[in-house]
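Student: These are the residues of each chain, in order.
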Amino acid sequence: MKALRVAIALAAVAVWYQPSLAASDPPPGAASCSGCHPAGATASPISRLYGRDAADIVKAMAGFRDGSLPATVMNRIAKGFTDDESRAIAVWLAAQN
Amino acid sequence: MAIRHRISRREFCRVGAGAAATAAFPLPAFAQSAARVVVIGGGFGGVSCARALKQIDPKLQVTLVEPNKTFIACPFSNNVIAGLRSIEEQQFDYDKIAAGGVTVVAQAATAIDAAARTVGLADGTSLGYDRLVLSPGVDLRFDALQGYDEAAAAKMPHAWKAGEQTLLLRKQLEAMDDGGLVVIAAPANPFRCPPGPYERACLIAYYLKTKKPRSKLIILDAKDTFSKQRLFQNAWKELYPGMVEWVSLSQGGKVNAVDPATNTLITDFGNHTAKVANVIPPQRAGRIATIAGATDRTGWCAIDPVTFESKSAPNIHVIGDACIAGGMPKSAFSANAQAKTCARAIATLLSGGSPAAPKLINTCYSLAAPDYGISIAGVYQPKNGLLADVEGAGGVSPLEAPRDVRAREADYAQSWFATITAEVFG
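Read top to bottom, the protein sequences are chains E and W.
So for the first sequence, my numbering puts the first residue at 1; every next one is plus one.
So for the second sequence, my numbering puts the first residue at 1001; every next one is plus one.
If you're looking for bench data, these hints aren't it; they were derived computationally from the structure.
Just so it is clear, CB atoms sit at the ideal spot from N, CA and C, and this is done for glycine as well.
Where hints are given, some of them may not hold.
[To be verified] Straight-line alpha carbon distances no greater than 30 angstroms define the calculated DSSO-like cross-link-like pairs of lysine-lysine that follow:
{"#": "1", "chain 1": "W", "residue 1": "Lys-1311", "chain 2": "W", "residue 2": "Lys-1223"}
{"#": "2", "chain 1": "W", "residue 1": "Lys-1161", "chain 2": "W", "residue 2": "Lys-1275"}
{"#": "3", "chain 1": "E", "residue 1": "Lys-59", "chain 2": "W", "residue 2": "Lys-1383"}
{"#": "4", "chain 1": "W", "residue 1": "Lys-1209", "chain 2": "W", "residue 2": "Lys-1237"}
{"#": "5", "chain 1": "W", "residue 1": "Lys-1155", "chain 2": "W", "residue 2": "Lys-1069"}
{"#": "6", "chain 1": "E", "residue 1": "Lys-79", "chain 2": "W", "residue 2": "Lys-1383"}
[Said to hold, decoys possible] Across the chosen pairs, the derived CB separations fall in these ranges:
{"#": "7", "chain 1": "E", "residue 1": "Ala-62", "chain 2": "W", "residue 2": "Ala-1188", "range": "39 to 47 angstroms"}
{"#": "8", "chain 1": "W", "residue 1": "Ala-1098", "chain 2": "E", "residue 2": "Asp-83", "range": "36 to 44 angstroms"}
{"#": "9", "chain 1": "W", "residue 1": "Asp-1268", "chain 2": "E", "residue 2": "Gly-40", "range": "52 to 60 angstroms"}
{"#": "10", "chain 1": "W", "residue 1": "Asp-1177", "chain 2": "E", "residue 2": "Ala-62", "range": "53 to 61 angstroms"}
{"#": "11", "chain 1": "W", "residue 1": "Asp-1371", "chain 2": "E", "residue 2": "Ala-62", "range": "28 to 36 angstroms"}
{"#": "12", "chain 1": "E", "residue 1": "Thr-82", "chain 2": "W", "residue 2": "Glu-1245", "range": "41 to 49 angstroms"}
{"#": "13", "chain 1": "W", "residue 1": "Glu-1088", "chain 2": "E", "residue 2": "Thr-82", "range": "42 to 50 angstroms"}
{"#": "14", "chain 1": "E", "residue 1": "Asp-56", "chain 2": "W", "residue 2": "Pro-1067", "range": "40 to 48 angstroms"}
[Claimed, not checked] A few chain W residues facing chain E, derived, Cβ under 7 angstroms:
{"#": "15", "residue": "Phe-1333"}
{"#": "16", "residue": "Ala-1337"}
{"#": "17", "residue": "Lys-1359"}
{"#": "18", "residue": "Leu-1360"}
{"#": "19", "residue": "Ile-1361"}
{"#": "20", "residue": "Thr-1363"}
{"#": "21", "residue": "Ser-1375"}
{"#": "22", "residue": "Ala-1377"}
{"#": "23", "residue": "Gly-1392"}
{"#": "24", "residue": "Gly-1394"}
{"#": "25", "residue": "Gly-1395"}
{"#": "26", "residue": "Arg-1408"}
{"#": "27", "residue": "Glu-1409"}
{"#": "28", "residue": "Ser-1415"}
The whole structure should be built from the sequences, with the hints applied where relevant.
Tutor: The structure is reproduced here in structure tokens:
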């Protein structure tokens, strides 16, 4: 009985332990962006995306995807994401600081 | 969480019983203390993963195991070989990683007991873990090409791990007389940095054209096709006419053996005696992955494409060059992207959840000259147990492009290196 109670207690700790992942979970693809796009202010020719207006990011991704916005590599990457996925990424990026 | 302090032990157990009924199983093997994650390997993958774990959940006990005090980055090390960059610009330390709450253990991992969940260290101590991440990079196979062992590498450098070997190749090129023959032996797939041998050919040719214009460079290849092939071949023609020759597998390019005494590379079709011989041998996952039971008969590590958990060693995740990531190439960018995805999956698993299917990106730049950049990119998602290319996405730079586009990609390459090294080590 004692063993069972210990097991139950352990399970409870495991559940309580759950960090607040949901709020900060990046949507699929979003974690890769910072490989090129700097997180802080730099002199980089590649733009910083954290804290940017989500609508601007969505618009840029759509432009890269349909070719209306010239690009070197983002045209190839944007085609890997749907409108919905791009929107989710944009909202997450906008919320980062 | 504050509620935990306000309930009695009896209530704790009662609440616990209710919670246990709804908890997802299997539960992680930790109790009163925070979960422990050990990460082996202090390169782009390992460091990114250790830091991401700590950022996602500061309560996690994260330990990074890496014997070297200084990391020497491979991307841009071809510039060092060509005399365009100093090796110091490739060097990074682990001070910021330790300052961020990751315990950095400067030891080599020598043993892994997957059942007991412990990592044995070179000093005889051991570390327990709930989840283990292996990011050991590659080991060069000194048993693959007859005559090419570690001693031979001191004469015919591989320069496929940045550091002394990089500087040795550079020194040999500097010591070579004008009119000399440089030979690069490129391995069959898979290997670290698929465009690397061809970028190296470009940048060595750049050095030769500038300093020793009567010299020649031959690439002996164990493949018939390679990454960014048309772009590289166009660049050789455009930038280094008559200087670079590529010998494919079917033309007899596969090197079977070497003779370091005479700097000779031996193929089925004949011998090539070089003034400078750069032998890039076949590779496999770093040895600790085999010790862990995570490698398959190919020498690489099969993984679950959602969690990066080994298909043969439970609770052990493998990221970076060592893992079989389907369409994703073995690059620093891939390792970094995989590390962040893996960290997120581990945090979710430790809290009893099930990780969602990820999407990952890779972008690899190569320089055909200091102001001539080309790239390959891809987007990947789990499919049939592997990370597969998202159809319609990715690909290489346009074959026809004005020089200002190449110059911009060269700028982006520099910027990428600054950004990723700042994210990982800064």
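Student: Report holds or violated for the interface hint on Phe-1333(W), using the least CB-CB distance to chain E and a cut-off of 7 angstroms.
Tutor: Holds, because the Cβ-Cβ distance from Phe-1333(W) to chain E comes to roughly 5 angstroms (cut-off 7 angstroms).
Student: Please verify that hint: Ser-1415(W), Cβ, nearest Cβ of chain E, below 7 angstroms or not.
Tutor: Since the shortest Cβ distance to chain E is 5 angstroms, the answer is holds.
Student: For the pair supplied as a hint, Lys-1161(W) and Lys-1275(W), is the alpha-carbon distance within the 30 angstroms limit?
Tutor: holds, 22 angstroms
Student: Regarding the pair Lys-59(E) and Lys-1383(W), is the alpha-carbon distance no greater than 30 angstroms?
Tutor: holds, 29 angstroms
Student: Grab the minimum C-beta distance from Thr-1363(W) to chain E and call the hint holds if it beats 7 angstroms, violated otherwise.
Tutor: holds, 6 angstroms
Student: Please check whether Leu-1360(W) passes as an interface residue: C-beta within 7 angstroms of a C-beta belonging to chain E.
Tutor: holds, 6 angstroms
Student: With a cut-off of 7 angstroms, does the beta carbon of Ala-1377(W) approach a beta carbon of chain E closely enough for the hint to hold?
Tutor: holds, 5 angstroms
Student: Given Ile-1361(W) as an interface hint, is its Cβ closer than 7 angstroms to any Cβ of chain E?
Tutor: Interface hint status for Ile-1361(W): holds (4 angstroms vs cutoff 7 angstroms).
Student: Gly-1395(W) was flagged as interface toward chain E. Is the shortest Cβ-Cβ separation under 7 angstroms?
Tutor: holds, 5 angstroms
Student: Is the distance from the Cβ of Ala-62(E) to the Cβ of Ala-1188(W) consistent with 39 to 47 angstroms?
Tutor: holds, 41 angstroms
Student: That 41 to 49 angstroms hint for Thr-82(E) and Glu-1245(W) (C-beta), does it hold up?
Tutor: With Cβ atoms ~45 angstroms apart, the hint holds.
Student: Holds or violated: Ala-1337(W) as interface residue toward chain E, Cβ cutoff 7 angstroms?
Tutor: Because about 4 angstroms separates Ala-1337(W) from the closest Cβ in chain E, which is inside the 7 angstroms limit, the hint holds.
In terms of the numbered hints stated before, the structure departs from none.
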